[in-house]
Each structure stands twice: as C-alpha cells, then as structure tokens.
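Trainee: Build the full structure now, drawing on both the sequences and the hints.
Number of protein chains: 2
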Amino acid sequence: MKSKSELIKFEEGISLESGDNLSSFELMIETYGDLNDSKTNAVLICHAFSGNHHVAGKNPKGEIGWWDEIVGPNKAIDTNKYFVVCCNNLGGCSGSSGPSSINPTTGKIYGKDFPIVSVKDWVNSQNMLTERLGIPRWLFVVGGSLGGMQALEWSIAYPEKILKAGIFAAAAKSSTQNIAMNEVGRESIRKDPNFNNGDYIELGVKPKNGLKTARMLGHITYLSEENMDLRFGRKFQDSDSKVDGKVDFEVENYLQYKGEKFTENFDANSYILMTKAMDGYDASKNFKNLDEALSSVSSELLIVGFDSDWLYPPERGKEIQLAAMNNNIRSSYITLDGRQGHDSFLFASEKYEEIIQDFVGS
Amino acid sequence: MKSKSELIKFEEGISLESGDNLSSFELMIETYGDLNDSKTNAVLICHAFSGNHHVAGKNPKGEIGWWDEIVGPNKAIDTNKYFVVCCNNLGGCSGSSGPSSINPTTGKIYGKDFPIVSVKDWVNSQNMLTERLGIPRWLFVVGGSLGGMQALEWSIAYPEKILKAGIFAAAAKSSTQNIAMNEVGRESIRKDPNFNNGDYIELGVKPKNGLKTARMLGHITYLSEENMDLRFGRKFQDSDSKVDGKVDFEVENYLQYKGEKFTENFDANSYILMTKAMDGYDASKNFKNLDEALSSVSSELLIVGFDSDWLYPPERGKEIQLAAMNNNIRSSYITLDGRQGHDSFLFASEKYEEIIQDFVGS
Chain A
373 MKSKSELIKF EEGISLESGD NLSSFELMIE TYGDLNDSKT NAVLICHAFS GNHHVAGKNP
433 KGEIGWWDEI VGPNKAIDTN KYFVVCCNNL GGCSGSSGPS SINPTTGKIY GKDFPIVSVK
493 DWVNSQNMLT ERLGIPRWLF VVGGSLGGMQ ALEWSIAYPE KILKAGIFAA AAKSSTQNIA
553 MNEVGRESIR KDPNFNNGDY IELGVKPKNG LKTARMLGHI TYLSEENMDL RFGRKFQDSD
613 SKVDGKVDFE VENYLQYKGE KFTENFDANS YILMTKAMDG YDASKNFKNL DEALSSVSSE
673 LLIVGFDSDW LYPPERGKEI QLAAMNNNIR SSYITLDGRQ GHDSFLFASE KYEEIIQDFV
733 GS
Chain B
373 MKSKSELIKF EEGISLESGD NLSSFELMIE TYGDLNDSKT NAVLICHAFS GNHHVAGKNP
433 KGEIGWWDEI VGPNKAIDTN KYFVVCCNNL GGCSGSSGPS SINPTTGKIY GKDFPIVSVK
493 DWVNSQNMLT ERLGIPRWLF VVGGSLGGMQ ALEWSIAYPE KILKAGIFAA AAKSSTQNIA
553 MNEVGRESIR KDPNFNNGDY IELGVKPKNG LKTARMLGHI TYLSEENMDL RFGRKFQDSD
613 SKVDGKVDFE VENYLQYKGE KFTENFDANS YILMTKAMDG YDASKNFKNL DEALSSVSSE
673 LLIVGFDSDW LYPPERGKEI QLAAMNNNIR SSYITLDGRQ GHDSFLFASE KYEEIIQDFV
733 GS
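In order, the protein sequences belong to chains A and B. Letter by letter, the first sequence follows residues 373 to 734 in the working numbering. Letter by letter, the second sequence follows residues 373 to 734 in the working numbering.
No wet-lab data here; the hints were simulated from the structure. Errors might be hidden in some of the hints.
As the list claims (entries may be wrong) - Restraint-style ranges between C-beta atoms, simulated for each label pair:
#1 A:LYS633 x B:ASP663: 35 to 43 angstroms
#2 A:ASN661 x B:GLU435: 43 to 51 angstroms
#3 B:GLY506 x A:ASP610: 45 to 53 angstroms
#4 B:PHE659 x A:LYS630: 27 to 35 angstroms
#5 B:ILE474 x A:SER611: 28 to 36 angstroms
#6 B:LYS376 x A:GLY617: 36 to 44 angstroms
#7 B:GLU598 x A:LYS660: 17 to 25 angstroms
#8 A:ASP571 x B:LYS374: 56 to 64 angstroms
#9 B:ASN700 x A:GLY617: 54 to 62 angstroms
#10 B:MET500 x A:GLU435: 54 to 62 angstroms
#11 B:LYS723 x A:SER704: 41 to 49 angstroms
#12 A:ASN661 x B:ASN700: 20 to 28 angstroms
#13 B:GLY617 x A:SER611: 41 to 49 angstroms
Stated by the list, open to error - Selected chain A positions facing chain B (in silico; Cβ < 8 angstroms):
#14 SER395
#15 SER396
#16 LYS563
#17 LEU718
#18 SER721
Ideal placement from N, C-alpha and C gives every residue a C-beta, glycine not left out.
Mentor: Rendered as structure tokens:
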C-alpha cells in the first residue's frame, strides 16, 4: 500500500470557535493510495479521541494503524480505489500543533496556553487541509465516536464539499453521563502533582498517574459490560503476572496495564482538550434543534450504532437518523452486533465491511 | 424516637476470612426503640458502602440518618414497634475499629496494617454483637446495596438466627464492571502522593484529592443516566457558583461539590477496604453455585430491584430470587420504579414503604 506522512504548515493561522486564534499551525497527515485525475476518489477519515493520523498499515515504528481492519488494499475502504487522508487533530499529540508543541510566538511549549479547540474547529482546519490538497469535494468523510461527530459536523458545515458521510458509534451531542465520566478523568489529571496547571513538560515531568487513572476509566466505557464479563468475569489474576501487588482480579490487572501503557505516548493536556471538545459538541448548538441543524445537509448519510455500545448507544445514532428523515436527507441507519462495546466500530465484521463498501462504492 | 449510640468492645477478638485476626475490636452502634420482653422485635440494618450506624433521626451533630425516610416512628420500619440496631461496619471510619483507629497491640494508628475484611467477616462480627445484645433471633435483617449483600449472607450463614431478610438493590456478587469501577477509584487514592501506602494519618496528611476523584466516579454509578440527564442535562454552570474554574457544565460542578464534601468525613483506607469487600463478595464462593449457597436458608426473603439501577440492576436481584425458588425458600422479588438509579433504595415511595411494612409485619 502506498502511504505517505507529511507535516503541513498553515502560516495563515486559524480563528477558533472560542474567539481565540492560532497565528499559525501544523497538521500531521497520512495519506494512502492516489488521488485520481478527476479528484473524485478522496476519503477523509476523522480519528476518535485517542487516535491519530496513522490509520492503516505499519508505520516506521512498526505500529499498525488504528483502523487497519477497515482501511487498506481490498478492504472496506479500499486504498486501491480511494485516496484516503487522515490528519492528527489540532490539539492532539501525534505531530499536529497541540499543547505539547512549541508556541511559535513565544518559542516555548504551549502547555496550558494552547487554546480550547472544538469539533467545529477541527472540521474548519480539515477544510483548510482540503483546500491545500486541492480536493474540491470529499467522496466520503467518515469516523467513529468523536470521529463520527466530525463527519456529522462536516455534512452540516460544508455540505457542498462532501458527497457522503459515515457516522459510526457516535452522537449529535455528548450526554450528561458522558460529560460526567470525562470530568472524573480530567479531575484525576489536574490533581496529579506533576500536572502543574498544564505546564509540566518544561519542568521535565509528566502527570502520568492522573492520566493512567483517567484512561482506566475510559476503558470501562469503551468495553461493554457483557464483553468484560466474558473476558474476565471474576477470575483472579495469577500472582506471577500481576502488574501491581494491590490487584486481585484479572480485570483490575488489565486496566492497570492498559492505563500504564497509554501514558507512554499520550499527552495529558491533549487528553483534557479532546474530552472538552467531545463534551462541548452539540450539533444543534447554534440551531433551534437537531432538525434545523441538519437542514443544510446535502450529503448522503450512513449511520451505524452497535448494540453493546453504552458510551454512544444506538439511540444516539437513531436521533441523527430521525433528524435526517425529517429533512428528507438520503440516510440509512443500522444497529450492528458488536461484542466490543463502543470499540466495536474499530473492528471489521462481514456485515460492517459490506455496508461501508456498498455505501462508498454506490 | 428513643435512640442510643454505644461503642461496644469485643475483647475476645475475631478471626477473619483472610486468615488474619484482630485481637480485639470495637463496634459503634446506634439503636432505636425497645427490645420487647420476648425479644422477638429486633431488626438489624446493615449499611451500604459509605453509610454508618446513624440510620435515623438527628444525631448530636445535627445530621439526619441515611435511611431516615424508611426508619422511624410510624415509618416503614417502625421504631415504635421494632428494636432497630445498626453498627458501623468493621473497617469503617465512623467509630468502629478500622484503618484510622489505634491498633491496641502497637498503640499506633492501623493505617495500611488494618487487615482485609469481607462481607462474611461483617456478618460474623454482627453475630457477635447479636449475642452481646442478647438477641436470640432477628425478626428482620435488611440492607441496600452492600447492605443487601450482608442481609443475604446473614440468611446463608446464620439461618437459625434470622426470620426474614430484606435484600434491596443488591447482588449475590459484584460484576466485572463493578470491580473495574472500584479499581479506578482505588487507583486514584493510591496514587495520591498523600496516601503514603496507607500510612497518612500519622504524617498529618490525607489523600483528599484521590478520594475526591474516587467519590466523583462513585456518584456517576449511584445515579441513573436518565436521572442525571433530567437533573443537569447539558446546562452550563453559572460562573458565580462554580466550585472550580475548570468546570463548564452543571453536572461537573455537582460532582466536584459532592466529591469534595465526601472527603471531609470519610477515610481513604476505609474506602479501599469497603470496595475490596464489595468486589470480593460472592455468595456462592464456597459452594458449587448460588442454588447450593442458598440451600441452608430458612428465612423468608424480600428482594427488591430498581429499574434505573445500573450498578446492581434488577437482573442481579432476580438471580437471587431464582436460586431461592430453586430451593423452595419463601421469597418475593419485585422491581420498583426508582428515579434515583442505584440510590433509589434510600428513598421512600408509597409502594416501597408498603412492601417493607407488609413483609416485616406479616
């Protein structure tokens, strides 16, 4: 598979929804396949909360992309046919401008001074990327979870620039419980003594403990209760492979391991920023309701929910579908079996692949 | 209402399920009403995770008891009729021996050296209390949540000493997800730099930040998603009443406030101990299955689940009911409407009160 990573600089800067602005910024992107001569085969993939631009294949570090089961040669999103683009979102920590980058105005790391970024800002910055890449219109903008929110926002904000949108395991807004869970994670980070109000990198420390706790909680929301029960049940962790002496059950060990691992590569300020963007998203914020928000949409929508997802359960997808129907938008909603809870959107299944393939290719 | 608090000392000590033992221990109890001459009107109330012996009425500090809606003169558990007893559980932090007490052997605060205590140990210590009070048999042993686990264990362990058991919003064992949630809370406490591996009191500090985060998460599990949505929705917190400048939404402010408040009175080691007891409970642990575990039960059971409870949902109560039926135990199960999620067991409603009253009084 032909793939390419590139850091793209936007000297023109960007005005953000909060009123703040970045005088310049960079987006780290990865592309797969080739743009055809008529420029009609471009697919934009929007990543979820802890994802990045590395969607498919192996990168030089040997890491497999986060959606490798779906994206690649002859896969549901076929890189032999489509020119696939993904960028690390603004505010992230995988190469794009974010809290751990150097602030070009001061020459110092942004830290707590990186502005608040919203889903709308991401879509606006991705639109700037679209222009830079010379893509007149995306054949398909797609994402799961927070990525699905971006796909929805794309179809609302730039209807003329998107032909089809894929909104998977997502919602038109975060629920009260979603916000509550994220606030617990943020609290845990903020109260880590290494956090230093967000300016920790310059001090040579990282709020790893707080970030670990936040991620452990995150994992509970990504998995379904049933899946957890099947995988771990009430099995005791054998003492040889305990990551921590305080652990009794396998599920505790799993969370400890996953939480710890996450802190090796993720930035705590980005964690706070991304969860704030997620909590803050409400497609109908500047409209009377979701029906009105979708009134400008001209793209075709594919909305997928997963039965075991309790973070953004099928009902959230159906709300979008209902608003689409009220606007006579060409739209399909389907609930798929997914053993992995919210994470189901990441994994290939025959039905899921077929639905995506048919929708993009039709 | 006649009520009395008393600290009862057990010089004989207790052997614990873990193999450890306490050479002596104390239980702080509160009683309401009078034991009748035939000693047939005694009711034992077992408290939930963060409860204590103060069940009903106002204590000298002006605090209303945690089950005041249900227990009192002419209430569902009528203190004019019954002699009601509740003790702060062993390992707690409201007067009974626990991690924040003085270890009589060393003269120092127990801290991390307080042994692990189980639901079975609580029931055994309550049985010692039963003997001390000269009560031959409880008319009714009842509790919600972790308290319901104790009521269930009473009916298994001391069938001849209990006539009726009330098991509300409880389960015969914690689920994988229950354990996972508790582990996040414990992790947050352990990684608070003030925790000092559990020996913080002697250093004059408290792991308040970790305990606060743990409690914030706890609150999410006690409330239902629907209840949170109705109460807070996506409403923004007005800036005058923000408890923390980082807060955007009302629900965040609520969790911050509740979490902070909890740390004023609760002990972090007790938090860990209580959640470990909850996670560790499995009524069928020493049996082939739950049916066999209940084979010794001779008391009548009242099992109540609440429809909005997602911590110990109705299905968990029905499992107990099924095992009871398989053993021909006189048992009733009912799912009640409860807007408060798991916390519903704390609040009076006409149906709930009537069911309890009829069951105890019959």
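Trainee: Take the hints in turn and mark each one as holding or not.
Mentor: Structure-based check of all given hints:
A hinted range of 35 to 43 angstroms holds for the C-beta pair LYS633 of chain A and ASP663 of chain B, which are about 41 angstroms apart. Here the CB-CB span from ASN661 of chain A to GLU435 of chain B is close to 45 angstroms, well matched to the stated 43 to 51 angstroms. Checking the proposed 45 to 53 angstroms range against GLY506 of chain B and ASP610 of chain A shows it holds: the Cβ atoms sit about 47 angstroms from each other. Between PHE659 of chain B and LYS630 of chain A the beta carbon distance is about 33 angstroms. The supplied range of 27 to 35 angstroms therefore holds.
Look at ILE474 of chain B against SER611 of chain A: about 32 angstroms separates their beta carbons, and that is inside 28 to 36 angstroms. A hinted range of 36 to 44 angstroms holds for the C-beta pair LYS376 of chain B and GLY617 of chain A, which are about 43 angstroms apart. One distance hint, 17 to 25 angstroms for the beta-carbon pair GLU598 of chain B and LYS660 of chain A, holds here, with the actual separation near 24 angstroms. For ASP571 of chain A and LYS374 of chain B, the hinted distance range of 56 to 64 angstroms is satisfied, since their beta carbons lie about 59 angstroms from each other.
Taking the beta carbon of each, ASN700 of chain B and GLY617 of chain A are about 45 angstroms apart, not inside 54 to 62 angstroms as hinted. Distance hint for MET500 of chain B and GLU435 of chain A: a CB-CB separation of about 58 angstroms, consistent with the stated range 54 to 62 angstroms. For LYS723 of chain B and SER704 of chain A, the Cβ-Cβ distance of about 43 angstroms falls inside the hinted range of 41 to 49 angstroms, so the restraint holds. For the hinted restraint 20 to 28 angstroms between ASN661 of chain A and ASN700 of chain B, the CB-CB distance of approximately 56 angstroms leaves it violated.
For the pair GLY617 of chain B and SER611 of chain A, the supplied restraint of 41 to 49 angstroms holds, since their beta-carbon distance comes to about 45 angstroms. With its C-beta approaching chain B no nearer than about 25 angstroms, SER395 of chain A sits outside the 8 angstroms limit, and its interface hint is violated. At a threshold of 8 angstroms, the smallest CB-CB gap from SER396 of chain A to chain B is about 27 angstroms, leaving the interface hint violated. Taking 8 angstroms as the C-beta contact cut-off toward chain B, the hint placing LYS563 of chain A at the interface holds, the least distance being around 4 angstroms.
With a cut of 8 angstroms, the hint placing LEU718 of chain A at the interface with chain B is violated, because the nearest CB-to-CB distance is about 20 angstroms. Evaluation of the SER721 of chain A hint against chain B yields a violated restraint, the C-beta minimum of about 23 angstroms exceeding 8 angstroms.
The structure does not agree with the numbered hints 9, 12, 14, 15, 17 and 18 stated previously, though it agrees with the rest.
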